[in-house]
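Top to bottom, those sequences are chains A and B.
6 is the number that numbering that gives the first Met the number 0 gives to position 7 of the first sequence; each next residue is one higher, with no gaps.
60 is the number that numbering that gives the first Met the number 0 gives to position 61 of the second sequence; each next residue is one higher, with no gaps.
Treat the hints as calculated values from the structure; they're not laboratory data.
None of the values given here were measured: they were computed from a predicted structure.
Check the hints yourself; a few may be wrong.
Since copy identity is lost for identical chains, a pair holds within one copy or between any two.
[As the list claims (entries may be wrong)] Listed next, the in silico SDA-like pairs over lysine to any residue satisfying Cα-Cα at most 20 Å (straight line):
(1) K120 - R169
(2) K120 - G168
(3) K120 - A232
(4) K120 - T244
(5) K251 - F115
(6) K120 - E171
(7) K251 - L178
(8) K251 - E112
There are 2 protein chains.
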Amino acid sequence: MGDFQSATAVTRRAGTQDFDVVLDQGWGLEDIPNGGYLLAVLGRAATELAGQAHPHVTAISGSFLQRGAPGPAVVTAEVLRAGRAATQVRARLSQDGLPRVEALVTLGRLSDEDPFWSASKPPALPPLAECPRSPVMDQRGGLRIHILEQVEQYLDPAGLGFLTGNPSGRAELAGWMRLADGSDWDPLSLVLAVDCLPPVTYDLGVYGWTPTVQLSAYLRALPAPGPIRLRAAAAELGNGHVDVTVAAWDSKDRLVAQGTQIASVRLPG
Amino acid sequence: MGDFQSATAVTRRAGTQDFDVVLDQGWGLEDIPNGGYLLAVLGRAATELAGQAHPHVTAISGSFLQRGAPGPAVVTAEVLRAGRAATQVRARLSQDGLPRVEALVTLGRLSDEDPFWSASKPPALPPLAECPRSPVMDQRGGLRIHILEQVEQYLDPAGLGFLTGNPSGRAELAGWMRLADGSDWDPLSLVLAVDCLPPVTYDLGVYGWTPTVQLSAYLRALPAPGPIRLRAAAAELGNGHVDVTVAAWDSKDRLVAQGTQIASVRLPG
Numbered sequence: 000m001g002d003f004q005s006a007t008a009v010t011r012r013a014g015t016q017d018f019d020v021v022l023d024q025g026w027g028l029e030d031i032p033n034g035g036y037l038l039a040v041l042g043r044a045a046t047e048l049a050g051q052a053h054p055h056v057t058a059i060s061g062s063f064l065q066r067g068a069p070g071p072a073v074v075t076a077e078v079l080r081a082g083r084a085a086t087q088v089r090a091r092l093s094q095d096g097l098p099r100v101e102a103l104v105t106l107g108r109l110s111d112e113d114p115f116w117s118a119s120k121p122p123a124l125p126p127l128a129e130c131p132r133s134p135v136m137d138q139r140g141g142l143r144i145h146i147l148e149q150v151e152q153y154l155d156p157a158g159l160g161f162l163t164g165n166p167s168g169r170a171e172l173a174g175w176m177r178l179a180d181g182s183d184w185d186p187l188s189l190v191l192a193v194d195c196l197p198p199v200t201y202d203l204g205v206y207g208w209t210p211t212v213q214l215s216a217y218l219r220a221l222p223a224p225g226p227i228r229l230r231a232a233a234a235e236l237g238n239g240h241v242d243v244t245v246a247a248w249d250s251k252d253r254l255v256a257q258g259t260q261i262a263s264v265r266l267p268g
Numbered sequence: 000m001g002d003f004q005s006a007t008a009v010t011r012r013a014g015t016q017d018f019d020v021v022l023d024q025g026w027g028l029e030d031i032p033n034g035g036y037l038l039a040v041l042g043r044a045a046t047e048l049a050g051q052a053h054p055h056v057t058a059i060s061g062s063f064l065q066r067g068a069p070g071p072a073v074v075t076a077e078v079l080r081a082g083r084a085a086t087q088v089r090a091r092l093s094q095d096g097l098p099r100v101e102a103l104v105t106l107g108r109l110s111d112e113d114p115f116w117s118a119s120k121p122p123a124l125p126p127l128a129e130c131p132r133s134p135v136m137d138q139r140g141g142l143r144i145h146i147l148e149q150v151e152q153y154l155d156p157a158g159l160g161f162l163t164g165n166p167s168g169r170a171e172l173a174g175w176m177r178l179a180d181g182s183d184w185d186p187l188s189l190v191l192a193v194d195c196l197p198p199v200t201y202d203l204g205v206y207g208w209t210p211t212v213q214l215s216a217y218l219r220a221l222p223a224p225g226p227i228r229l230r231a232a233a234a235e236l237g238n239g240h241v242d243v244t245v246a247a248w249d250s251k252d253r254l255v256a257q258g259t260q261i262a263s264v265r266l267p268g
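So here's chain A without its partners, still in its complex pose (with noise of 0.2 Å):
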């Protein structure tokens, strides 16, 4: 119970491309799952299609229909172009005959080697035991965010004043993240990971839910043993959405993943 590889374990049906899987009611806020959860998960399906030539996702990109809850699912899947360097996949996440998650999947084969050339920096973060842990009970909305029993993260304090009515109003988060299960990051872990900080709408002192539309994720590089860290920012709240950029850094300074979303925002008054 509670570990990254079984919540996302799935059971390919024989002579088809369709899997079972059962959603871990611990990978998510309340009884709903977590999107970058679903999205792993579906990945996941996809890395079993393309197997060993192409053992990882490099890219990922997911359309968010209707919430899934905890439960029986089936991920439908299709090879859309398995070639030398990427196969391509598309893949379908559904409950009781209903698409929830739709994602198009690239899967290659990453290396922990350093980049040619790199304008990436990780975050100045106070050292993780300095950062407070984010706590399972919601400060702001008294919700029960389950999946933050299993994925412990340690957000910077400077950017924690909207839990004291004091948003720095920069829509910016950073902070550490390790597994709770004691695994360390994987490609498929990492596309959970970007999008599991909070909102930074709340850092503009905007605090409903802000659900996400679309979301897309590139990992980057095998991430080194240890905690990663991770920094969130948007550009802009308008016309009732937010973006959301999120990247990732390993132990060893390499940017690991790189998520992007759009997401709806439901403005007060």
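Could you slot chain B onto chain A? The hints should help.
Coordinates of chain B only, in the frame set by chain A:
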């Protein structure tokens, strides 16, 4: 000939969710249609399915499978969810029975109202008249970039050091863009715009082709008439891939579109 509306016109097959389209050689590089152009075609088909309640593409993600070619193509589409606030569609562009691009499209209703909050600022550029128009014959590779006949591009000379062998090493480009047919930008042509700039890898002294693997665009507001300004930047080139982030602002300094893509890069040597 040469106008965006005609080049993206789709004809629905009665009683189906399929569309015929003729891809126009004018919107690509040599005989390869531009990826943003293909996504715009898929967006137009999705717009026809969504109808008047949700007339604008607000988000689109595409997975690029095989190069397209000028000539007839078929779009097959499927409404995944028709909700109150949005319609979500899956669409595929095929030629000769082979899928070329698969896309997830969200449609809603955009406005030109001011955002609730924005940290987004257009780049400081010289006036359009002081930026050289990008020539149709590529100055690096001798290729014919037909699309630059239809999309007038005026890049900031400060970012064009790569033309004379002096790339800045920052992987940044910025400039003006307008449609040669005289039409104003709209959400669909903005999907094209975010994939029209030269590869930012030129600014790293890496001059190979960088085919898009996956691309997402978010449309944030209805653009005011007049040219747009764009800025493109990369965070990292590693593991054979580069990420490229693009933003576009209208003549009133309003953020109107954001694009992000992961592209493969073949390094010299």
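Status of each hint after checking the structure:
In this homomeric assembly, K120 and R169 come within 20 Å of each other (Cα to Cα) both inside a single copy, at 19 Å, and across copies, at 14 Å. When the C-alpha separation of K120 and G168 is checked against a cutoff of 20 Å, the pair qualifies only between copies, where the shortest distance is 16 Å, while the shortest distance within a copy is 23 Å. In this assembly of identical chains, K120 and A232 lie within 20 Å of each other by CA distance both inside one copy and across copies; the values are 14 Å within and 15 Å between. For a Cα distance limit of 20 Å, the shortest separation of K120 from T244 qualifies both inside one copy, at 14 Å, and across copies, at 16 Å.
In this homomeric assembly, K251 and F115 come within 20 Å of each other (Cα to Cα) only inside a single copy, at 16 Å, whereas the closest approach across copies is 38 Å. When the C-alpha separation of K120 and E171 is checked against a cutoff of 20 Å, the pair qualifies both within a copy, at 15 Å, and between copies, at 17 Å. Taking the closest pair of Cα atoms, K251 and L178 come within 20 Å of each other only inside a single copy of the chain (18 Å); across copies the shortest separation is 45 Å, beyond that limit. With identical chains, the CA atoms of K251 and E112 are at most 20 Å apart within one copy only, with a shortest distance of 11 Å there and 44 Å across copies.
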